[in-house]
Structure formats: C-alpha cells, structure tokens
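Go ahead and model the full structure; you've got the sequences and the hints to work with.
Now for the letters of each chain:
Protein chains: 2
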Amino acid sequence: MKRGKKVRRYKDRLREILDVAAKLFSKKGFEATSIQDISDKLGLEKGAIYYWVKSKDEILYHLIDKESKLFLRTVNSLMRKDIQPDEKLKLFIGNHINVLTSNLDRAAVFFNEYRALPKKWKKKILKLRKNYEAILRNVIEEGQKSGAIRKDISPKIIALAIFGMVNWVFHWFSPQKEFSPQEIARMFSQMIMEGLRPNRNS
Amino acid sequence: MKRGKKVRRYKDRLREILDVAAKLFSKKGFEATSIQDISDKLGLEKGAIYYWVKSKDEILYHLIDKESKLFLRTVNSLMRKDIQPDEKLKLFIGNHINVLTSNLDRAAVFFNEYRALPKKWKKKILKLRKNYEAILRNVIEEGQKSGAIRKDISPKIIALAIFGMVNWVFHWFSPQKEFSPQEIARMFSQMIMEGLRPNRNS
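Sequences listed follow chains A and B, in order.
When you read off a place in the first sequence, starting at 1, and then add 289, the result is the number in this note's numbering.
When you read off a place in the second sequence, starting at 1, and then add 289, the result is the number in this note's numbering.
Bear in mind the hints are in silico, worked out from the structure with no lab data behind them.
Possibly wrong hints are sitting among the right ones.
Copies of one chain are not kept apart here, so a pair can be met inside one copy or by any two copies together.
To be verified - The calculated EDC-like cross-link candidates involving lysine to aspartate or glutamate, where the alpha carbons are at most 20 Å apart (straight line), are:
#, residue 1, residue 2
1, LYS440, GLU467
2, LYS317, GLU402
3, LYS466, ASP441
4, LYS440, GLU483
5, LYS412, GLU431
6, LYS466, GLU422
7, LYS440, GLU472
8, LYS330, GLU376
9, LYS316, ASP375
10, LYS419, GLU467
11, LYS300, GLU430
12, LYS294, ASP441
13, LYS345, GLU422
14, LYS445, GLU472
15, LYS445, GLU467
16, LYS317, ASP346
17, LYS316, GLU402
18, LYS445, GLU402
19, LYS330, ASP346
20, LYS343, ASP329
21, LYS440, ASP301
22, LYS370, GLU483
Encoded structure:
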C-alpha cells in the first residue's frame, strides 16, 4: 500500500472515530460515554482505538478544536475582502449559523462539554476563541469608524449581544423546522442592523 | 418552640442546603458533587440532609424550579401593566438580566445542569419555560399589532434572538467588570428596538 493511501485511511478512520464520539457525547454526555462505547459503535477492539487517540480527553479536544477552526476558517478569508463593515457583519453571522447548524452533534459537544476539557487544551481553544471574538469586534469598530454603525453602544456589548443571538441558535434550531440557516441569518442581520421599529428605510 | 418558628427554621435550613448545593454544582458540576460534599460543607451528618430533601436530584429540581419562578414572577406582574409593548420589552429584558445576574451559581445550575434533571421534573420545568417564552412572544405580537414593532420578521425569531442575547449574559457577566446589569439591559434594549445604524432618531 502506498504511503498516501495509508495516510488517507488513517485520517478517514480518525474522522469516523470523531463522528461517532460526537454523536455519543452529544446524546449521553462526555462523562457518561466510555472509550468502550465508542469502540463498540465502530466495531473495533477497545485497544485498537488507541492507535488513533491517546484518551477520551483527546477525542474531546479534537472535536472542539475542529469546530473552533471551522468557525475561524471561512471568516478569516471573508474579513479580508474589500467590503463594507455591515456586509462583513452579515457574512460573519451567516457563517457562524452555517457552521453551527451543519453538524449539531459537534456543536453540542462544543457548547456543552468545553468545561470538561483538561486545562492545557482549554488554553489552546481559548486562544482560538479570542481570535474569533476579536474578528467580530474589529468589524464592529471598523463600522463605528466608517459611520455604518452607531458609536453610542460599546463595541464589546454589541459583539456579546451578537454572539448570544447566534450561539443560542444551537438550542432551538432543528433542520425539520420552518427556518433555514440562511433565513435565520438574514432575519438576525436585519434585526441587528435595522432594529425592530418599523418603516426604518421606507 | 412554636410551630411558626419551626417552619421558619426548616425553611432557612432548606435555603442553606440549596445555596451550598448551587455553589458546589456550579463549581464541580452536578455529577461530580455528592450529598456527602453538601453535608460536609454544612457541617451536617450525611443522613441528616434527607430530612429536607429525598435525593440529589430533588435538590437540582428545587434550584432550577426556583430560578424559573424568579424569571416568571416579576414579569407576570409587569406584563399586566398598562404600558406600551416596547416598554414591556425593555422591562422583560431588564428583569431577565437582573434575575440571571443576581445569583450566578444558581444561573449556572439552571443553564448547565437542566439536562441532568429526571424526566418527570424536566416536564414541570418545561411548562414554566413555555409560559415564560409565551409572555415574550405575546409582547412582540402585541407590538406588531400596535405598529410599535416591524411585522416583516417572525415574532418567533425575534423572541429567540432576544432570549439568545439575554441568556448569553450568563457566560460573560462578571460583577467586577465594567457593565452593570442595568447598563447591559439598557444597551440591549436600544440595540433591539433601534438597531445598529446611526442617527436613527436624530
């Protein structure tokens, strides 16, 4: 077998492990799930899984790291585009809701089990999170400078309000329900930029 | 000892148990906390605590029930007042942030440990939550009818956006930091009603 193929197989199996773990952690909780449960679901011997990961903690870290990087990846390239701050805000909101709703099990692990991460990994994730939060705050400050966003509300509070709205989507979103991720993003962006009073732009 | 005094003592001790449990659940998590831990903190024999509660689950239920009812209590009377829907919205947001920030340990239990509640109690809490959510949705629909709130965004989405903003406060609020609960409520209400574009009312 060629090396490239071997690496691909290794990665495919790791992805499988993470997918199965995300489902179990999301359903039963991280604490209540054992390496044995994950191995059973995959039809692996318990020992075999240690070829890919060293511990259950490491699986948790992989999952939260992946979600964090998905949030960051698209946003990083979006934010470099030469567009207006309010457009950037829309793109940020759209991307966030998109990542979050594209894999609800991983999102559940990201939100519910972050607390269970060992300290050394928490630190790494926190760094990614700070980067991500800084991107949103920069967009808001850019908007305040350019005049697209009001200056009388703290950019920190605006960012925290937006994170609240979009993160909460995880708690109520269902793919079977009436609103698509795109529709939610559009309505949230409208609410945020235009507020709730009617006839603003008419 | 008179009966009234006895009842008061009983209730005082129950409150103490709940306060101590909230602190431990919030810090170590519900799963990792034992009745023994709670008894130790209170200087009680392990058996003694069963005079007040039947189980650790029951303590959890008491805590989440209390928080749910605090959210509802003030809001119920506020909403009956003869005031405009946008004023009601402000009061709702203010009350929510106020309850949530007044006891951060209990809020942590409310948000982080709801999943751990046994089914029969989850049902009861869910009923309170539905009532509470209906109050906000009614205010929004009232506002849409009266013309105070735009009609082109679903009242459901508006309510979920607001719940997201205000619930998220739990994740970042700190009594030592720069914003008081009142200031946060004021800025959130402004954002929601007026949006982020500048010079709206000027």
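Verification of the supplied hints:
no.: 1; hint: LYS440 / GLU467; verdict: between (35 Å within a copy, 17 Å between copies)
no.: 2; hint: LYS317 / GLU402; verdict: both (11 Å within a copy, 13 Å between copies)
no.: 3; hint: LYS466 / ASP441; verdict: between (37 Å within a copy, 19 Å between copies)
no.: 4; hint: LYS440 / GLU483; verdict: both (15 Å within a copy, 13 Å between copies)
no.: 5; hint: LYS412 / GLU431; verdict: neither (28 Å within a copy, 46 Å between copies)
no.: 6; hint: LYS466 / GLU422; verdict: between (29 Å within a copy, 18 Å between copies)
no.: 7; hint: LYS440 / GLU472; verdict: between (28 Å within a copy, 16 Å between copies)
no.: 8; hint: LYS330 / GLU376; verdict: neither (44 Å within a copy, 53 Å between copies)
no.: 9; hint: LYS316 / ASP375; verdict: neither (38 Å within a copy, 39 Å between copies)
no.: 10; hint: LYS419 / GLU467; verdict: between (33 Å within a copy, 19 Å between copies)
no.: 11; hint: LYS300 / GLU430; verdict: neither (40 Å within a copy, 51 Å between copies)
no.: 12; hint: LYS294 / ASP441; verdict: neither (57 Å within a copy, 53 Å between copies)
no.: 13; hint: LYS345 / GLU422; verdict: neither (28 Å within a copy, 37 Å between copies)
no.: 14; hint: LYS445 / GLU472; verdict: between (26 Å within a copy, 13 Å between copies)
no.: 15; hint: LYS445 / GLU467; verdict: between (32 Å within a copy, 11 Å between copies)
no.: 16; hint: LYS317 / ASP346; verdict: both (16 Å within a copy, 17 Å between copies)
no.: 17; hint: LYS316 / GLU402; verdict: both (12 Å within a copy, 14 Å between copies)
no.: 18; hint: LYS445 / GLU402; verdict: neither (25 Å within a copy, 28 Å between copies)
no.: 19; hint: LYS330 / ASP346; verdict: within (18 Å within a copy, 30 Å between copies)
no.: 20; hint: LYS343 / ASP329; verdict: within (17 Å within a copy, 36 Å between copies)
no.: 21; hint: LYS440 / ASP301; verdict: neither (49 Å within a copy, 48 Å between copies)
no.: 22; hint: LYS370 / GLU483; verdict: neither (23 Å within a copy, 28 Å between copies)
Checked against the numbered hints above, the structure breaks hints 5, 8, 9, 11, 12, 13, 18, 21, 22 and satisfies the rest.
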